[in-house]
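**Q** First to last, the protein sequences are chains A and B.
Yeah, the first sequence ends on 580 if you go by this note's numbering, and it's all consecutive.
Yeah, the second sequence ends on 183 if you go by this note's numbering, and it's all consecutive.
Since the hints were derived computationally from the structure, they do not count as laboratory data.
There may be inaccurate statements among the hints.
Claimed, not checked - List of simulated lysine-lysine pairs, DSSO-like, C-alpha gap at most 30 angstroms:
(1) 454(A) with 568(A)
(2) 395(A) with 85(B)
(3) 569(A) with 161(B)
(4) 174(B) with 552(A)
(5) 85(B) with 370(A)
(6) 174(B) with 454(A)
(7) 524(A) with 174(B)
(8) 568(A) with 524(A)
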Amino acid sequence: MWQALYAELGPKGFLPIAVAFDSRGVEASLPWIEAAKAEYPCLIDRQHLVADLYDMPNVPIAAWIDEDGRIVRPPEPAGSNDAFRTMDHTTGAMPKESLDELRNTRRTYLDGLRDWVSRGAESPWVLSPADVLARMQGPTDERALAAANFRMGEHLYELGLEDAAKPYLADARRLNPDSWAIRRQSWNLEHPLKAGGPEFWAAVDALREKKYYAPIVMPERS
Amino acid sequence: MPHVAGALLINGLISPLESDGAPWLPVDSLERLAGWELKPEGACQGEHCVPIPPGREAEFVRDGRFNIAALARYLGQPVLHDEPTGTWLIGESAEVRASNLRSLQAPDFTLPDYKGVSHSLSDYRGRKVFLVSWASW
Numbered sequence: 359m360w361q362a363l364y365a366e367l368g369p370k371g372f373l374p375i376a377v378a379f380d381s382r383g384v385e386a387s388l389p390w391i392e393a394a395k396a397e398y399p400c401l402i403d404r405q406h407l408v409a410d411l412y413d414m415p416n417v418p419i420a421a422w423i424d425e426d427g428r429i430v431r432p433p434e435p436a437g438s439n440d441a442f443r444t445m446d447h448t449t450g451a452m453p454k455e456s457l458d459e460l461r462n463t464r465r466t467y468l469d470g471l472r473d474w475v476s477r478g479a480e481s482p483w484v485l486s487p488a489d490v491l492a493r494m495q496g497p498t499d500e501r502a503l504a505a506a507n508f509r510m511g512e513h514l515y516e517l518g519l520e521d522a523a524k525p526y527l528a529d530a531r532r533l534n535p536d537s538w539a540i541r542r543q544s545w546n547l548e549h550p551l552k553a554g555g556p557e558f559w560a561a562v563d564a565l566r567e568k569k570y571y572a573p574i575v576m577p578e579r580s
Numbered sequence: 047m048p049h050v051a052g053a054l055l056i057n058g059l060i061s062p063l064e065s066d067g068a069p070w071l072p073v074d075s076l077e078r079l080a081g082w083e084l085k086p087e088g089a090c091q092g093e094h095c096v097p098i099p100p101g102r103e104a105e106f107v108r109d110g111r112f113n114i115a116a117l118a119r120y121l122g123q124p125v126l127h128d129e130p131t132g133t134w135l136i137g138e139s140a141e142v143r144a145s146n147l148r149s150l151q152a153p154d155f156t157l158p159d160y161k162g163v164s165h166s167l168s169d170y171r172g173r174k175v176f177l178v179s180w181a182s183w
């Protein structure tokens with residue numbers, strides 16, 4: 359998904375690191391990685407460690423990290439928006455205006471990345487430390503406990519103890535109801551297609567006015 | 047349910063446990079297994095030491111072994127114990143996560159790529175890193 363951007367911006371010091379939140383492991387992720395012909399690091403995160411460390415509640419979510427290892431944009435939807443919610447649940451078809459909206463958001467986001475790569479700290483896409491902090495919700499005790507329960511469930515699942523894993527995964531969902539990564543991954547462990555099935559769409563519809571992808575806050579100046 | 051040997055999960059590591067009870071680790075492998083070192087000042091990570099609470103030493107240290115779950119609970123870290131499998135899992139506290147994020151330094155991690163080669167975020171200092179999640183599901 360990011361190979362074209364890497365081919366364009368890699369020579370200028372830009373590096374995507376793609377982290378697959380995939381408890382089913384490399385067998386689940388590999389077909390996508392091969393299809394993308396990705397030349398940047400494609401890491402497999404069965405236990406969702408990066409989701410926990412960076413408080414990433416979904417996919418695709420990205421953080422921008424500068425040359426000194428400083429977060430200059432905190433985790434936010436990586437060019438995605440809620441237009442997908444108009445998709446026909448059976449055919450996957452979307453109205454033209456939704457497709458345009460998706461394309462526009464993605465184009466704006468990619469242009470933001472290009473601006474950051476060429477202008478560095480001068481780019482309006484780079485947030486001040488105060489703005490970065492203000493936009494990070496920060497971990498809570500419930501989320502820390504949710505991550506621990508998820509990891510226990512994932513571990514038991516890897517041991518082949520699916521029934522033993524279930525109560526831990528259920529506790530993880532209950533403790534961090536805002537995490538679509540936990541919710542959809544645990545559905546996926548029950549059945550490979552469940553994460554995108556009727557349960558998923560029912561949960562998305564139940565959001566009503568609430569967002570699935572928080573809108574990206576665009577720079578005021580450029 | 048098949049019996050699975052007990053294990054300790056901490057800091058992304060999985061270590062077998064010798065007994066079914068609490069995770070008492072040999073003091074001389076405490077650093078390797080759990081990232082802590084026992085010193086006269088207390089349990090230490092580098093220069094940072096946590097004194098063992100006075101009067102409660104026996105909960106923490108006994109017969110050359112250290113109860114890592116007791117320390118984790120004392121520090122407010124999540125501690126889970128799956129009795130049937132003897133699995134202990136120690137997570138990170140929200141407080142430590144939050145204070146790490148407040149520094150705005152990107153938390154480091156090490157994960158395998160799809161070929162099994164390990165990568166750490168810190169390997170890529172000096173580049174503009176776009177850290178992005180995705181999933182097959």
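**Q** Does each hint hold? Answer for all of them.
**A** Against the structure, the hints:
1. Proximity of residue 454(A) to residue 568(A) is assessed by CA-CA distance (about 23 angstroms); at most 30 angstroms being required, the pair is judged to hold.
2. The hinted pair formed by residue 395(A) and residue 85(B) fails the criterion: a straight-line CA distance of about 50 angstroms is larger than 30 angstroms.
3. For the hint pairing residue 569(A) with residue 161(B), the CA-to-CA distance comes to about 36 angstroms; that exceeds 30 angstroms, so the pair is violated.
4. Of the pairs offered as hints, the one joining residue 174(B) and residue 552(A) is violated, with about 36 angstroms between alpha carbons and a cut-off of 30 angstroms exceeded.
5. Among the hinted pairs, residue 85(B) with residue 370(A) is inconsistent with the structure: their alpha-carbon atoms are about 47 angstroms apart, more than 30 angstroms.
6. Of the supplied pair hints, the one linking residue 174(B) and residue 454(A) is violated, its CA atoms being roughly 35 angstroms apart against a limit of 30 angstroms.
7. At roughly 39 angstroms between alpha-carbon atoms, residue 524(A) and residue 174(B) are farther apart than 30 angstroms, so this suggested pair is violated.
8. With a CA separation close to 28 angstroms, the supplied pair residue 568(A) and residue 524(A) stays within the 30 angstroms bound.
Checked against the numbered hints above, the structure breaks hints 2, 3, 4, 5, 6 and 7 and satisfies the rest.
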